[in-house]
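Colleague: Residues per chain, in single letters:
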Amino acid sequence: MNSKYLNEQTVESVLAADREGTNELSDERNVQRATARYQAEFPYERDEESEVTRREFCNFLFLTSSALFLGSAGFASKLAYNSTIETTFTPSKIEGAETMQIGTALNFRYPGENDTAILIRAANGEFYAYEQQCTHLTCPVYYSKSSDQLECPCHEGGFDVHTGNVLYGPPPRPLDQIKLEIREGNEVWAVGRITGGGHESA
Amino acid sequence: MNQPSEQSKNGRRILTGGRTAVWQARLVLLVMINVAQLWILSATIEAALAAHYKQLIPLVIGSGVCWLIALTIFLWWKPAVRRPLRPERRR
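Just so you know, the sequences run in chain order A and B.
For the first sequence, the working numbering begins at 1 and goes up steadily by one.
For the second sequence, the working numbering begins at 1 and goes up steadily by one.
I should point out that these hints are in silico values taken from the structure, not numbers from a laboratory.
Keep in mind that this is a model prediction, so the values were computed, not measured.
Here are a few chain A residues that sit away from chain B, every Cβ distance over 12 Å (derived from the structure): (1) A17; (2) T90; (3) K93; (4) T99; (5) M100; (6) E113; (7) A122; (8) K145; (9) D148; (10) D160; (11) K179; (12) E181; (13) W189.
Here are some, though not all, of the chain A residues that point toward chain B, as calculated from beta-carbon distances under 10 Å: (14) R54; (15) F57; (16) N59; (17) F62; (18) T64; (19) F69; (20) G71; (21) S72; (22) A73; (23) F75; (24) A76; (25) K78; (26) L79; (27) L137; (28) T138; (29) P171.
Some but not every residue of chain B turned toward chain A, in silico, with C-beta under 8 Å: (30) L30; (31) Q37; (32) T44; (33) A50; (34) W67.
The beta-carbon is built from N, C-alpha and C at its ideal position, and this holds for glycine as well.
Pulled out of the complex, with its shape left as it was, chain B reads as follows (with noise of 0.2 Å):
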């Protein structure tokens, strides 16, 4: 199994895996919140269509939580920016 780190050439450790498991995940979620409003939109045409009415300001509100749920992660869950770790400790 590959190890998150490698050696850098002053002798310090990067964090490198974590930052490609982070990027899959935050893709994945969006996926996933595209393929939920995807289907809320679809119940708010069939709704709107049908005169239900009442069933339409929940979806749109689920369709918004989704939106932000997405901007957040757009904006903020980001891979942390590379920091060393403390140098290990040279006999």
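Next up, chain A with everything else stripped away, as it sits in the complex (with noise of 0.2 Å):
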């Protein structure tokens, strides 16, 4: 009752302020007369306000639609182009596998220059190769040597290191393997990929 009291005073103040001139506050009503002292402390430019018209914002509004279908139109076209292109798997080294300790990591590029993986020496020995995207959202994966285990750092996706299945987190499927041999001794080579899932490419 006590605010709606002090409320009603406050209007009744400031329309008699109105009336007579002397309202320092605003005039709400005319947006070009709004020049008091605090409305210029916000980056709020009214009189560029008065010039957006409702046409102007609608085909601001349509424009935008547009340009939302045509991203998505796009992006699926792109990537969609992209899944149909066939990779040759050439049998490639990996350098400085050899001297890996057990417990490290080492980034490579197969089958392209442009496919980063990784190859880990777990902590049975054994070689493990994975390529380095998340099947979240394809943010590199990185060796956790504590848990030995793989982990994607941005929505905290976890996966096995023995075999690539996830472990925890929200990647629907498990990384895409990448097939190793072990030639002359030590030498490790990356020779195929087998997609999360199963599909075999080599």
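Starting from two chains that each stand alone, build the complex the way the hints lay out.
Modeller: Next up, the structure:
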């Protein structure tokens, strides 16, 4: 009750000051005359506000709608097209793998120069290699020695280092695994890829 | 409450209030469509990055349907031209 009374008093005083022309707050009914000091402190251009008509705003919204549609279609088309390009998997030696210690990881590129992959020498001494892209949103995964698993820092996904299977987090499928061969003693070669979930390419 | 009509010089009533309502409705609908399309775009990007290519076509179709609705609102769903009503019978 008291606050309502105060509000009515405030409104009355503002209206009275408005009638007398001594209102220092602002004239909100006319945006061009809203020139009180506190209004200058806000980064809000009232002159520009009055220049945007409903018709212009409507045009802007329609253009935004068109841009969003084209964006969706373009993005989907490009990635769908990329998925149809066949990749060749030529055997490639992974430099530096011979000297890897147990519990360390090494980055390399396979099958192309733009495809980053990660080679891990796990706690059991075996080599494992995976595409370094999380299957959730393609963030790069890294090897965590303390937990002996692959982790994605973006959304906290975790993968088994031995199989590439999802341990926790949002990734929907296992990591793409790189097929390895040990040749001539200690040389480690990448010879193909197994898509997370089962499809094998070589 | 304001009357959605006013008296012209020759005594005829002309519609006014409905135009504002229609304009507001157009803008609100377009804003809602934009929000829906933003959501679809983010879902498209997420599906594409996760290699869920089967989800892309329905998402793009959904965005296209939204765009078509926006197009119809933009082109055809406009306030009617002011139409004078029948003059009231004078006594």
